[in-house]
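Using the sequences and the hints given, assemble the complete structure.
2 protein chains.
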Amino acid sequence: MAEPLLIFPDDEFRARTAQLQAEMNAHDLDALLLTTPQDVFYTTGFLTRFWESPARPWFVIVPAAGLPVAVIPSIGAPLMQRTWVADIRTWDAPNPVDDGLSLLTDTLRDLRLHRIGVPMGLETHLRMPLADFHSLSKSFDIVDGTPALHRTREIKSEAEIAKIRDICTIAGRAFDRVPEIAHAGVPLNQVFRDFQSLLLQEGADWVSYVAGAAGPDGYADVISPAAPTPLRPGDVLMLDTGAVRDGYFCDFDRNAFVGTPSDAVRRTHDRLWQATEIALDTLRPGMRACDAHRILSGPLDAPGAGRLGHGLGTALTEWPSFTPHDTTELRAGMVLTLEPSAHVTDTHILVHEENIVLRDHGPELLSPRAPQFGTVLR
Amino acid sequence: MAEPLLIFPDDEFRARTAQLQAEMNAHDLDALLLTTPQDVFYTTGFLTRFWESPARPWFVIVPAAGLPVAVIPSIGAPLMQRTWVADIRTWDAPNPVDDGLSLLTDTLRDLRLHRIGVPMGLETHLRMPLADFHSLSKSFDIVDGTPALHRTREIKSEAEIAKIRDICTIAGRAFDRVPEIAHAGVPLNQVFRDFQSLLLQEGADWVSYVAGAAGPDGYADVISPAAPTPLRPGDVLMLDTGAVRDGYFCDFDRNAFVGTPSDAVRRTHDRLWQATEIALDTLRPGMRACDAHRILSGPLDAPGAGRLGHGLGTALTEWPSFTPHDTTELRAGMVLTLEPSAHVTDTHILVHEENIVLRDHGPELLSPRAPQFGTVLR
Chain H
1 MAEPLLIFPD DEFRARTAQL QAEMNAHDLD ALLLTTPQDV FYTTGFLTRF WESPARPWFV
61 IVPAAGLPVA VIPSIGAPLM QRTWVADIRT WDAPNPVDDG LSLLTDTLRD LRLHRIGVPM
121 GLETHLRMPL ADFHSLSKSF DIVDGTPALH RTREIKSEAE IAKIRDICTI AGRAFDRVPE
181 IAHAGVPLNQ VFRDFQSLLL QEGADWVSYV AGAAGPDGYA DVISPAAPTP LRPGDVLMLD
241 TGAVRDGYFC DFDRNAFVGT PSDAVRRTHD RLWQATEIAL DTLRPGMRAC DAHRILSGPL
301 DAPGAGRLGH GLGTALTEWP SFTPHDTTEL RAGMVLTLEP SAHVTDTHIL VHEENIVLRD
361 HGPELLSPRA PQFGTVLR
Chain P
379 MAEPLLIFPD DEFRARTAQL QAEMNAHDLD ALLLTTPQDV FYTTGFLTRF WESPARPWFV
439 IVPAAGLPVA VIPSIGAPLM QRTWVADIRT WDAPNPVDDG LSLLTDTLRD LRLHRIGVPM
499 GLETHLRMPL ADFHSLSKSF DIVDGTPALH RTREIKSEAE IAKIRDICTI AGRAFDRVPE
559 IAHAGVPLNQ VFRDFQSLLL QEGADWVSYV AGAAGPDGYA DVISPAAPTP LRPGDVLMLD
619 TGAVRDGYFC DFDRNAFVGT PSDAVRRTHD RLWQATEIAL DTLRPGMRAC DAHRILSGPL
679 DAPGAGRLGH GLGTALTEWP SFTPHDTTEL RAGMVLTLEP SAHVTDTHIL VHEENIVLRD
739 HGPELLSPRA PQFGTVLR
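The listed protein sequences derive, respectively, from chains H and P.
For the first sequence, the working numbering begins at 1 and goes up steadily by one.
For the second sequence, the working numbering begins at 379 and goes up steadily by one.
Among these hints, one or two may not hold up.
Computed spacing ranges between beta-carbons, pair by pair [claimed, not checked]:
{"#": "1", "chain 1": "H", "residue 1": "ALA18", "chain 2": "P", "residue 2": "ALA455", "range": "40 to 46 Å"}
{"#": "2", "chain 1": "P", "residue 1": "GLY676", "chain 2": "H", "residue 2": "ASP176", "range": "51 to 57 Å"}
{"#": "3", "chain 1": "H", "residue 1": "ASP28", "chain 2": "P", "residue 2": "PRO387", "range": "54 to 60 Å"}
{"#": "4", "chain 1": "H", "residue 1": "ASP176", "chain 2": "P", "residue 2": "HIS739", "range": "51 to 57 Å"}
{"#": "5", "chain 1": "H", "residue 1": "ASP263", "chain 2": "P", "residue 2": "HIS492", "range": "51 to 57 Å"}
{"#": "6", "chain 1": "H", "residue 1": "GLY185", "chain 2": "P", "residue 2": "ARG666", "range": "49 to 55 Å"}
{"#": "7", "chain 1": "P", "residue 1": "VAL521", "chain 2": "H", "residue 2": "ASP28", "range": "30 to 36 Å"}
{"#": "8", "chain 1": "P", "residue 1": "PRO749", "chain 2": "H", "residue 2": "LYS138", "range": "49 to 55 Å"}
{"#": "9", "chain 1": "P", "residue 1": "GLU536", "chain 2": "H", "residue 2": "GLY286", "range": "55 to 61 Å"}
{"#": "10", "chain 1": "H", "residue 1": "ASP11", "chain 2": "P", "residue 2": "ARG747", "range": "46 to 52 Å"}
{"#": "11", "chain 1": "P", "residue 1": "PRO565", "chain 2": "H", "residue 2": "PRO4", "range": "17 to 23 Å"}
{"#": "12", "chain 1": "H", "residue 1": "PRO4", "chain 2": "P", "residue 2": "GLY612", "range": "23 to 29 Å"}
{"#": "13", "chain 1": "P", "residue 1": "VAL521", "chain 2": "H", "residue 2": "ILE155", "range": "39 to 45 Å"}
Calculated pairs, SDA-like style, for lysine to any residue (alpha carbon to alpha carbon, straight line, at most 25 Å) [unchecked claim]:
{"#": "14", "chain 1": "H", "residue 1": "LYS138", "chain 2": "P", "residue 2": "ALA509"}
{"#": "15", "chain 1": "H", "residue 1": "LYS138", "chain 2": "P", "residue 2": "ARG493"}
{"#": "16", "chain 1": "P", "residue 1": "LYS516", "chain 2": "P", "residue 2": "ASP406"}
Stretch by stretch, here's where chain H covers chain P in the computed footprint (C-beta under 8 Å, at least three residues) [said to hold, decoys possible]:
{"#": "17", "stretch": "422 to 429"}
{"#": "18", "stretch": "473 to 482"}
{"#": "19", "stretch": "501 to 510"}
{"#": "20", "stretch": "570 to 580"}
{"#": "21", "stretch": "589 to 600"}
{"#": "22", "stretch": "700 to 714"}
These are computed hints drawn from the structure, not numbers from a lab.
Glycine included, each C-beta is placed from N, C-alpha and C at the ideal position.
If you want it as structure tokens, here you go:
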């Protein structure tokens, strides 16, 4: 009937399932119960923007032996049938009396699964009504499945790495075209809109994230929505994007200068570029996330206490997080961001970000390396 | 320092807080604890795309008396300081040892709040790690806060209605320009990209949702990603969007015909248009969501069992849901979608969608009414 989705071959999902099952066996789990867009896409290939609707819960059960089972709203059946998943059970959602809970319960019983791992740890959440989860907890032994899931998802296959490289390349072309849309006099919110259009023109399927800011001394804040303030000569403009192609994100930024930046901005930008260069030279598997934080903050006068990098894949940000507290081991196959920041003034900073895959020999860039001295805008 | 965000005046948030507090008192709650992007934006005005990063939890406490308190990652402090919220407590997130849990616990104790409402019901989820929530549950009496929250959020203020009308108007202009980008020979995924650019050009801040499909008999599926299949003469093209301006969504679709559609498609489109017309004439406050489902499905040969409309606001879809099971009372001030669907063949459907605000006298359109006979494309 409908054509299969061709984002990945079925072998990719078989390998992911096998890896999850190895972890489940190590953690003594009968199954993982997954509810988020990223976890459902990872295990099934089910890719849709329909997650934007919070109305309905979606469930994928990955048993410790056998194949994944989808327990989903009927509106998702035609799309799920185009994935590699064969066992698809549906209900007519949303239903205020029983929104899939009895179907999920019956399915878990039917499959004789009792000790169920659900992600409960750092950087996770449960995407289903809590009241229904509490009901479910009375019938099954539900424990934390975070380690089994994270240990698997954090290592990207070559097919995944290629997807992330693709969207990084697309975003790189859009960044190259920023001088077309940004110059003195253009309001920042117009730059944000036009930058999203550039990303789409260059091949992004959609643009889940654009952030940025502009000012003569850098920026006080990197997550505010764009104001209608026009760019002015001397401003540094930062644009950061999580654009998506085939369900995979890039997450890198670029700084551009409207005319001539101040010496302080130029020096800070160079320091960030050099800090990244050092990380590109020295990061290795076997180090820990906190080591990456140390490497990235070391060369900077005012090392940020914040997160200076993180995992990347089917979400804009994934674990581990490069903070002083995160001791996750860095392993070959992790896709990561390097995101040093430094103060220009007491209140204003610059941020620089690149995307890499960690190989046995060290980082391999996925984002096209930023120009050392930034881009100049009219 | 930084300029206040000007999406709404502080009075808007005072009124929302007062309404939440009236509901909390009716439900015997000391406070609501809120964690999702929509609930945080609704109570504080904190608007950012940074929610796309799942790394950090964010908390807003709305006490039954007094003002909201934000317990948030420090990266959000500059933006939260631009809202009306005065009491902002931050921690350096993500922290694998204690990701805000002790700060949240201390804050609730400090404010002498014990019986805490958390949304647990239909169409809700909790955006924080479940393990941390379980810890929190040991120290406080946590109960379902869904009714208090939903009863408040589901009635939109005139300021909110104006925002939704704005984004509907923007999307209407983009739909009017679809003939510029869609005609025979253009691949569907290119149409999706260009339609998103049109929405941005016409004034959307970002485009959180585009769905659609094309085929000679309608479409089997409305949530799949777009394939590179070119449009063909005789196809009906449906595009549906949840574009965003100032944090508010539209959610409506349009059907367009590549040349001449089949009689079956034309008849079905007309039936959907007429079903909507009847709903526009007859829907009234005091009816229930299931009545709206009956009104919308009544004139159609093959009434869908699915959801034929829903709430709309700071999320693409909100409660209530027009299903046979939802008995939520429709009240004046609700912003709703009318979304009838009908079969063209056994497997293929057409969907038509408009956005309204329910007034005392009945629906007032927020989306520009679809052309009765669709749009014709080259």
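Results for each hint:
At roughly 44 Å, the beta carbons of H/ALA18 and P/ALA455 sit within the given window of 40 to 46 Å. Separation of P/GLY676 from H/ASP176 is about 55 Å and conforms to the stated range, judged on CB atoms against 51 to 57 Å. The supplied range of 54 to 60 Å is met by H/ASP28 and P/PRO387, whose beta-carbon atoms lie about 56 Å from each other. For the pair H/ASP176 and P/HIS739, the beta carbons lie near 55 Å from each other, so the given range of 51 to 57 Å is met.
Checked against the hint of 51 to 57 Å, the pair H/ASP263 and P/HIS492 passes, with Cβ atoms roughly 56 Å apart. Taken as a hint, the range 49 to 55 Å holds for the pair H/GLY185 and P/ARG666, whose Cβ atoms sit roughly 54 Å apart. Checked against the hint of 30 to 36 Å, the C-beta distance between P/VAL521 and H/ASP28 comes to roughly 33 Å, which is consistent with it. Taking 49 to 55 Å as the suggested C-beta distance range, the pair P/PRO749 and H/LYS138 conforms, at roughly 53 Å.
At about 60 Å, the beta-carbon gap between P/GLU536 and H/GLY286 stays in the expected band of 55 to 61 Å. In this structure, H/ASP11 and P/ARG747 meet the distance hint of 46 to 52 Å, their C-beta atoms being roughly 50 Å apart. Evaluation of the 17 to 23 Å hint for P/PRO565 and H/PRO4 yields a pass: the beta carbon distance comes to about 18 Å. The hint said 23 to 29 Å for the Cβ distance between H/PRO4 and P/GLY612, and at roughly 25 Å that hint holds.
Remark: the range hint 39 to 45 Å for P/VAL521 to H/ILE155 is upheld by a beta-carbon distance near 41 Å. Taken as a hint, the H/LYS138 and P/ALA509 pair is honoured in the structure, with Cα atoms around 17 Å apart against an allowance of 25 Å. Taking the CA atoms of H/LYS138 and P/ARG493, the gap is about 23 Å. The hint holds against a cut of 25 Å. Our distance criterion of 25 Å between C-alpha atoms is met by P/LYS516 and P/ASP406, whose separation comes to about 20 Å.
Proximity of the stretch 422 to 429 of chain P to chain H, defined as three or more residues with a beta carbon under 8 Å from a beta carbon of that chain, is established by the 4 residues found. Here the stretch 473 to 482 of chain P counts 4 residues with a CB under 8 Å from a CB of chain H, which clears the bar of 3, and the coverage holds. Under the rule that three or more residues need a Cβ within less than 8 Å of chain H, the assignment of the stretch 501 to 510 of chain P holds, with 9 such residues. Residues of the stretch 570 to 580 of chain P lying with their CB closer than 8 Å to a CB of chain H number 7, which satisfies the three-residue condition for coverage.
Here's how the stretch 589 to 600 of chain P fares: 4 of its residues keep a CB closer than 8 Å to some CB of chain H, so the rule of at least three is met and the hint holds. Using a Cβ-Cβ cut-off of 8 Å, 4 residues of the stretch 700 to 714 of chain P lie near chain H, which meets the minimum of three, so the contact claim holds.
In summary, this structure violates none of the numbered hints.
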